[in-house]
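Asks: Residue strings, one per chain:
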Amino acid sequence: MPSLIDIRRRIRSVKNTQQITKAMKMVATARLRRAQERVINSRPYSRMAAEMLQNVAAAAAGDERAGEHPLLAQRAEQKIQLILVTSDRGLAGAFNASLIKAAQQFLIEHAGQQVEIELYGRKGRDFFMRRNVATSGEVTGISQNAGLVHAQPLAKKMIERFTNGEVDSVYLIYNEFKSVLTQNLTVKKILPIAVAADGAPARDYIFEQPAAAMLGRMLPSYVLQQVLESFLESSAAEHAARMTAMDAASTNANEVINKLTLYMNRVRQASITREIIEVVSGASALQ
Amino acid sequence: MAATLRLEVVTPERMLIKEQVLAVTVPGLGGELGILPEHAPLLSELGCGPLTFTLETGQKKSLSICGGYVEVLPDRVRVLATLAEFADEIDVKRAEEALKRAEERVLHPTADLDTARALNAMKRAQARVAAAKLGSAKS
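Sequence lines, in order, name chains V and W.
Just so we're aligned, residue -12 is where the first sequence starts under the numbering used here, counting upward by one.
Just so we're aligned, residue 15 is where the second sequence starts under the numbering used here, counting upward by one.
Careful: at least some of the hints might be erroneous.
[Said to hold, decoys possible] Under the rule of at most 30 Å between Cα atoms (straight-line distance), these lysine-lysine pairs were calculated in the DSSO-like manner:
1. K32(W) with K165(V)
2. K137(W) with K143(V)
3. K137(W) with K74(W)
4. K32(W) with K75(W)
5. K32(W) with K137(W)
6. K165(V) with K144(V)
7. K107(W) with K144(V)
8. K175(V) with K165(V)
9. K107(W) with K75(W)
The hints are simulated quantities; they were obtained by calculation from the structure and are not laboratory data.
Input sequences plus hints: build the corresponding full structure.
Replies: Structure (structure tokens):
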């Protein structure tokens, strides 16, 4: 039977842990609010940009030069580029584990093809660096405040690799921020860009610039937009996941403390009872 | 006939404007475009410059935008700008200084000057100064 002091020590240690998880939860909550705002503010733009792209693509479909844009080229998928967006820090529940699992699943599904991974975030890098996987590059230390400055070089690199024929398609794996409690694991193909060009133009637009030329300038920025969106979503999802995980940890710590306190009281009670019995039996022995 | 347009201005960072307006002027790539309600559907790329609009109260407002696209429908104008700032957010003095620096670079080019970049910087600065002036002229 553990002594009273041992149990007290244990309770104190759990309390300390709980303080840390509580603090981390608070930090994550504050960061989440900011990240969430950025995601929500960027959504109207991505939605409208996608709509406009469809409109322009539909109008450009009538133009025989439109299908030639390099970013629309559909090739047989021999070499695939995968971008894995993970977080830099752990203690966020299943956030990174589910991403890594999805990436491994992706590798199994495309076992016949050549897949290269671009690793964003320390967690994903640490995992795949130790395994025998072809990587095309890595960037760490940005998941906390990823922004346009980080998305730009990545988008540029992907566009270059794709147009040079180094890869035939580019996929993104990231966690989409759905709500504070749920993250949506998303696998998205960003290159070649899929536009439903067969749909009739929504309206008979007047084009200030030729539709095909306009489309050509729109496509690269659309790729950038998608990369940026994945960064923002991932960053909000990370904070949300950490917040939920830390909340669960704090609640769990509370439970452990309650159980230990109960146990401690029982042990104390038992030792008091034993002492009384000893005193009483000692006294009766004297008579 | 609808007397107003719904103007929406968004950037990748935020939604700046969502309002009913009487008229809009946007800096198209090929020159300024004035848009009134019942305009024919139009798509255009945007250059750098001031975007001005008139509210239903008759009040005029302006912002500086740079790059992006505009979609015009009879009852709606959507501006997807790469960069956008409200006129009253612009620090006029800073913008003017930036413009001066940019002009300096373009007029007296050094050997390693990236001309396209310098010109872009100048255009951006011009757009901001112009928008700020338009904004302050009214309010």
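Asks: Now tell me, hint by hint, if it's right for this structure.
Replies: Cross-check of the supplied hints:
{"no.": "1", "hint": "K32(W) with K165(V)", "verdict": "holds (24 Å)"}
{"no.": "2", "hint": "K137(W) with K143(V)", "verdict": "holds (24 Å)"}
{"no.": "3", "hint": "K137(W) with K74(W)", "verdict": "holds (23 Å)"}
{"no.": "4", "hint": "K32(W) with K75(W)", "verdict": "holds (13 Å)"}
{"no.": "5", "hint": "K32(W) with K137(W)", "verdict": "holds (26 Å)"}
{"no.": "6", "hint": "K165(V) with K144(V)", "verdict": "holds (28 Å)"}
{"no.": "7", "hint": "K107(W) with K144(V)", "verdict": "violated (37 Å)"}
{"no.": "8", "hint": "K175(V) with K165(V)", "verdict": "holds (16 Å)"}
{"no.": "9", "hint": "K107(W) with K75(W)", "verdict": "holds (20 Å)"}
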